[in-house]
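Student: Here's the letter readout for the chains.
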Amino acid sequence: MVSLEEVTKMELPADVKKRLTLPFEEHFYAGHTACQGCGAALGLRYVLKAYGGKAIFAIPACCSTIIAGPWPYTALNAPLFHTAFETTGAVISGIEAALKAKGYKVKGEDGIMVIGWAGDGGTADIGLQALSGFLERGHDALYIMYDNEAYMNTGIQRSSSTPYGAWTTNTPGGKKHFLEQRPKKKVIDIVIAHKPAYAATASVAYPEDFMRKLKKAQTIKGPAFIQLFAPCPTGWRSPTDKTIELARLAVQTAYFPLFEYENGKYKINMPSPNKEPKPLEEYLKLQGRFKYMTKEDMEILQEWVLREWEELKKKAKLFG
Amino acid sequence: MPKKVVSGNYAAAYAAKHARVEVVAAYPITPQTSIIEKIAEFIANGEVENLQYVPVESEHSAMAACIGASATGARAFTATSAQGLALMHEMLHWAAGARLPIVMVDVNRAMAPPWSVWDDQTDSLAQRDTGWMQFYAENNQEVYDGVLMAFKIAEHEKVNLPVMIVESAFILSHTYDVVDMPEQEEIDEFLPPRKPLYTLTDFENPFSVGALGTPADYYEFRYKIAGAMEEAKKVIKEVGREFGERFGRDYSQMIELYRTDDAEIVFMGMGSLMGTVKEAVDMLRSEGYKVGAAKVRWFRPFPKEELYELAKNVEGIAVLDRNFSFGQEGILFNEAKGVLYNTDARPIMKNYIVGLGGRDLTVNDVKAIAKNMKEIIEKDELDREVEWYHLKR
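Protein sequences, first through last, are from chains A and B. By my numbering, the letter at position 162 of the first sequence is numbered 162, and the numbering carries on one by one without gaps. By my numbering, the letter at position 383 of the second sequence is numbered 1383, and the numbering carries on one by one without gaps.
Please keep in mind that the hints were generated in silico from the structure rather than gathered at the bench. Keep in mind that the hints are not guaranteed to be accurate.
[What the hints assert, rightly or not] Result set (BS3-like, lysine-lysine): computed pairs, CA atoms no more than 25 Å apart in a straight line:
{"no.": "1", "chain 1": "B", "residue 1": "K1392", "chain 2": "B", "residue 2": "K1367"}
{"no.": "2", "chain 1": "B", "residue 1": "K1038", "chain 2": "A", "residue 2": "K102"}
{"no.": "3", "chain 1": "A", "residue 1": "K314", "chain 2": "A", "residue 2": "K275"}
{"no.": "4", "chain 1": "A", "residue 1": "K221", "chain 2": "A", "residue 2": "K102"}
{"no.": "5", "chain 1": "A", "residue 1": "K100", "chain 2": "B", "residue 2": "K1195"}
{"no.": "6", "chain 1": "A", "residue 1": "K242", "chain 2": "A", "residue 2": "K221"}
{"no.": "7", "chain 1": "A", "residue 1": "K216", "chain 2": "A", "residue 2": "K100"}
{"no.": "8", "chain 1": "A", "residue 1": "K100", "chain 2": "A", "residue 2": "K18"}
{"no.": "9", "chain 1": "B", "residue 1": "K1290", "chain 2": "B", "residue 2": "K1237"}
{"no.": "10", "chain 1": "A", "residue 1": "K221", "chain 2": "A", "residue 2": "K267"}
{"no.": "11", "chain 1": "A", "residue 1": "K265", "chain 2": "A", "residue 2": "K186"}
{"no.": "12", "chain 1": "A", "residue 1": "K175", "chain 2": "A", "residue 2": "K186"}
{"no.": "13", "chain 1": "B", "residue 1": "K1392", "chain 2": "A", "residue 2": "K105"}
{"no.": "14", "chain 1": "A", "residue 1": "K100", "chain 2": "B", "residue 2": "K1304"}
{"no.": "15", "chain 1": "A", "residue 1": "K265", "chain 2": "A", "residue 2": "K313"}
{"no.": "16", "chain 1": "A", "residue 1": "K102", "chain 2": "B", "residue 2": "K1195"}
{"no.": "17", "chain 1": "A", "residue 1": "K275", "chain 2": "A", "residue 2": "K176"}
{"no.": "18", "chain 1": "A", "residue 1": "K54", "chain 2": "B", "residue 2": "K1392"}
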């Protein structure tokens, strides 16, 4: 058996290397403390691969606070500033301002990437104001919201990004049939209302697409935002080996379509469905969090998904 | 030495400029706003280089952005008042915990409700336990000098903690006075560029700041901050002495003593009201009263030793608090009594709650307080421990 250290030092044959679609080098180290099947950990790994460690991270209170490791450890091969829950947008603004004041090159091929890496609660709820400020002021940084659709680090409470019908610990399913009663907040639409330089959705099931978007965020001037769909087996009550499948189904059912916004233009990215989206039920039935839903609930959610999908297609047509 | 006639707020802005701050992130609030307006003007007029101005969307974000900037190695500055300071509270802890030498001016303003924009120290004193050093300025010159010294003290390798320079709403913030400002080259010699403890640009040796501290480690992190605060006392005195040698205004004493040598009664307080007190001391002296004034410049770290040295030689201390801790007493009074408990200094101490929400404290008020203190000392009996001096009856 080869040790982890040996694996990280392995040289791939040139012909194999050529076929790789993602950078081989690892900058997210073994020993991090994510749960098995964690979509967020996978996402963080891709982000670190994309920038080869030449990025400064600001991470607010979220699962990644823990995943990155307790003092004196860090799983990231990049400088990391842990910050308060609601401050990601403001802290990356300050980091970017300091880099500019000190004459560092920000972004671009050889520049420094400044990255805010926050969960959906830290973005859609408590951090929305700081996010808005960051976007509106036009800082040269990238904000990534990894969306696992609830406050997972505190133990699975609903956020405004939790979908209709989902069980969480503060939207439980019981005799009175409580569950989440509000639709998922469209954070990406709020972001786009700021007319940022670049905004996109991405999914851990499509790393090449995600990588391309990360590279785009690096070359574009001004604020960039990516909403990354990141399944959470612990909170979604889903099997840990279904993370990728779930993320893929979320795209194929048009529950979480992949698209980009740049210079006022929308572009839907393949592999979003080009014909009829798959029935949502295929996605829902794999997750324990949706098991309390009635048939009617599922219809309500299905209808919402298709309505949002049609709206996105219209935008892409009108502003394509 | 060049002199300018400036408001307390402009004195703060000039000091930030002369300290060559690199990032200013701030949000408007009366009566602080003219500090950040002036700094924006410096940028618009091309009077500063390499200064990034971040007009954030709240005070919470102002402090968060300063924290991000300071952690990236920049010299960061902000200013606020009252509600804004209270909103920042969480991040004040963060700045100190991450050991970032940010300097902030707080223009003391009363907390609402009822709405008030006038002078009151409760806003800054409520931040007592955040790990920030606090300096209370008596006049515009001290605002200016305070900001310059604050960076040097905060950035000292043994300190690495943030400093709050506190000035009074309107009494200083919007009142014009002559302020001596040294030449830029002299200031540069006094305050060289910052040498950060760490910076997030260290890609060769990546690390994390603020990661989870378990019960096995958190305790020591707090102990280190406590130690840095103790060290800060020495650094404050050193820097205050150096400032005096270079610029002629000595700040080596954390408590400034005024005519206390043979004083029986000493008025103790902080900030601009001590100017009025000194005036009253002169008048009382000419009337035969043996009185003096003790202006507490630094509330954190608290100058315990200096207070003891003063207290052991006086009969009475009248503590004038322009602040109040509900359910207890004036905050400076509370601290001062606590400092003396384990010593042999036992002057009679009385707390006068004065000037809340901008109520004027006049020379005649201070004279009346002196008379009250004299009676107490003669009778050797405290009429009451805490007196709401101005109360309408």
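Student: For every hint, state whether the structure bears it out.
Tutor: Hint by hint, here is what the structure shows:
Taking the CA atoms of B/K1392 and B/K1367, the gap is about 19 Å. The hint holds against a cut of 25 Å. At roughly 22 Å between alpha-carbon atoms, B/K1038 and A/K102 fall within 25 Å of each other, so this suggested pair holds. Under the criterion of a C-alpha separation no larger than 25 Å, the hint pairing A/K314 with A/K275 is consistent with the structure, at around 15 Å. Taking the CA atoms of A/K221 and A/K102, the gap is about 19 Å. The hint holds against a cut of 25 Å.
With a CA separation close to 18 Å, the supplied pair A/K100 and B/K1195 stays within the 25 Å bound. Taking the CA atoms of A/K242 and A/K221, the gap is near 37 Å; set against the 25 Å cutoff, the hint is violated. In summary, the hint linking A/K216 to A/K100 is supported, as the alpha carbons are separated by about 21 Å, within the 25 Å threshold. Of the supplied pair hints, the one linking A/K100 and A/K18 is violated, its CA atoms being roughly 36 Å apart against a limit of 25 Å.
Of the supplied pair hints, the one linking B/K1290 and B/K1237 is violated, its CA atoms being roughly 28 Å apart against a limit of 25 Å. For the suggested pair A/K221 and A/K267, the alpha carbons sit about 19 Å apart, so the restraint of at most 25 Å is met. A C-alpha spacing of about 18 Å is found between A/K265 and A/K186, which places the hinted pair at or below 25 Å, so the restraint holds. The hinted pair formed by A/K175 and A/K186 fails the criterion: a straight-line CA distance of about 30 Å is larger than 25 Å.
For the suggested pair B/K1392 and A/K105, the alpha carbons sit about 62 Å apart, so the restraint of at most 25 Å is broken. This hinted pair does not check out: A/K100 and B/K1304 have alpha carbons roughly 42 Å apart, beyond 25 Å. With a CA separation close to 12 Å, the supplied pair A/K265 and A/K313 stays within the 25 Å bound. Pair hint A/K102 plus B/K1195 holds up; C-alpha atoms about 13 Å apart against a cutoff of 25 Å.
A distance of roughly 38 Å separates the Cα atoms of A/K275 and A/K176; the hinted pair therefore is violated under the 25 Å criterion. Of the supplied pair hints, the one linking A/K54 and B/K1392 is violated, its CA atoms being roughly 65 Å apart against a limit of 25 Å.
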